[in-house]
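> These protein sequence lines map, in sequence, to chains A and B.
Here the working numbering is used: position 128 in the first sequence is 128, and no number is missing along the way.
Here the working numbering is used: position 118 in the second sequence is 413, and no number is missing along the way.
It cannot be assumed that every hint is accurate.
Residues from chain B shown here face chain A by an in silico Cβ test under 7 Å; the list is partial [what the hints assert, rightly or not]:
id, residue
1, Gln-350
2, Lys-371
3, Ala-378
Everything labelled a hint here was simulated from the structure, so no lab data went into it.
None of the values given here were measured: they were computed from a predicted structure.
We put the beta carbon where it would ideally sit given N, CA and C, even for glycine.
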Amino acid sequence: MIYAIASGKGGTGKTTVTASLAAVWDRPLTAVDLDVEEPNLHLFLNPTTEAETPALMETPVLDTERCTLCGQCAAFCQFKALSVMGKTLLVFQEMCHGCGGCLALCPEGALSPGGRELGRIVSGHFQAAGGAQAGFFMGRLRVGEAMSPPLMRQVKALLPKTADADILIDSPPGVSCPAVNAVMDADCIVLVTEPTPFGLHDLKLAVEAFRPLGKPLGVVVNRAGIGDEKVQQFCREQNLGVWAELPYSRAVAEAYARGEVAARVVPEMRTATLALMARMRDAAAASNSGEVHHA
Amino acid sequence: MKIIAVTSEGPKLTDMVDPRFGRAGGFVVVNVDTNETSYVDNGNSQTMAQGAGIQAAENVARAGAQVVLSGFVGPKAFQALAAAGIAVVQNVENMTVAEAVGKYKRGEFTVADGPNAQAGGNKG
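If we strip away everything but chain B, and leave its shape as in the complex, we get:
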């Protein structure tokens, strides 16, 4: 069973990927084997003055995800995801969640070995 979490602007597969990780609207969580989906709201991270990336990483881990698809992941979030053994795929943007999941299934993404954004990059 493989579960992936995609940062999303909304709860549906037709919603756009939110390129932000820590301050993403939420996560569409997809079981790649069964195609079951669920949604994890990330509003509690969006309102934080600091630590949104770490909070989001905790939310993703709690949802049981093994892989995250997102646009930009900062250093602390990356470290937190790595500690939980969650693989990160970055630079995913300008597509729907369903398109991102499709690309992942076809093996078109590579797992990142480091963060691609600065700390606090989407604060505000």
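Okay, chain A solo, but in the shape it has when bound:
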């Protein structure tokens, strides 16, 4: 099963929840940081790094000797990565989305595939519940690179496909392409929020964005008690399960500041995380055994 830990609002505690789940997970596990613009799960899970490889996107490289300036590639490109100006075909590597259309179209064979580095993919292992070894993957976007979904897709392609191992995805915040990309393959989505007007506002956006995916959705209210009850009220109205209410606690903040996993050092976090894990598994199992399967 694949579980995505997501949120609308940033800073609600996705990584705290993901790291806590990873620390108590008592089945074979791979943890993945898909928040490639600012990955931080590794700071808490302390994985050993076994490989760090560049992730490349196929972009066109021009052979000016062969180019006749016919402009077919430039006319095709929807992203202005190619432009005929005067007697030059300009190639803007950073604009390219890697579709390969120009490479296929060029009648002169003047464009060949090159690579723009999207970022790095780190893989390794960390110590999960009971001292078991668990897999770890992380994407880290290159500074200056604007497109994170292509890197995320390459990280996802590396994940184990075995049915008996679970995957926990630490997703990027928001509800745009990167966030949807992180949750779209999951069997179950956990939305971490906080009981404030900001948390509620962005939770609504997240529910609106992710509910059409047709996957089980549950809510974790982090820092419970600091605001009001409107998040819980919204969840009741929307028939969304509140799978955990995590305490607003100085001990959790101190653990975070030391780079420690909250569920390992704060007993009430451990209890709440175990209960959350059980609810996630129930929801994913119920959904998977359902009679109706959507394509």
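Once you have looked at the hints, place chain B on chain A.
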């Protein structure tokens, strides 16, 4: 024959210079010798998610302009304009198109040797 293109908020000489290049409303194209003017709408660039500056540069080149007067030109647009041999005058703003053309004719502008804005500076 010298043709200049001025980024503009509207089609007339009395319209204000649009300081944006890639996302300009349009270009008032002026033949400096004959004072003939025409207008090139830049709406197709304004709606692009990315590459507006490059698209705008193509629009300007297609209009036959040899000089662009604008406020801020980003690096890719600048490179595209340079490749087409189009000179760029930057930091032109807070004046009408006619005033900008007048200043150009009197030699009060200098041609830029590099971009003065960041990529995607007027996205949104």
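> Output the numbers, in ascending order, of every earlier hint that fails for this structure.
Every hint satisfied by this model.
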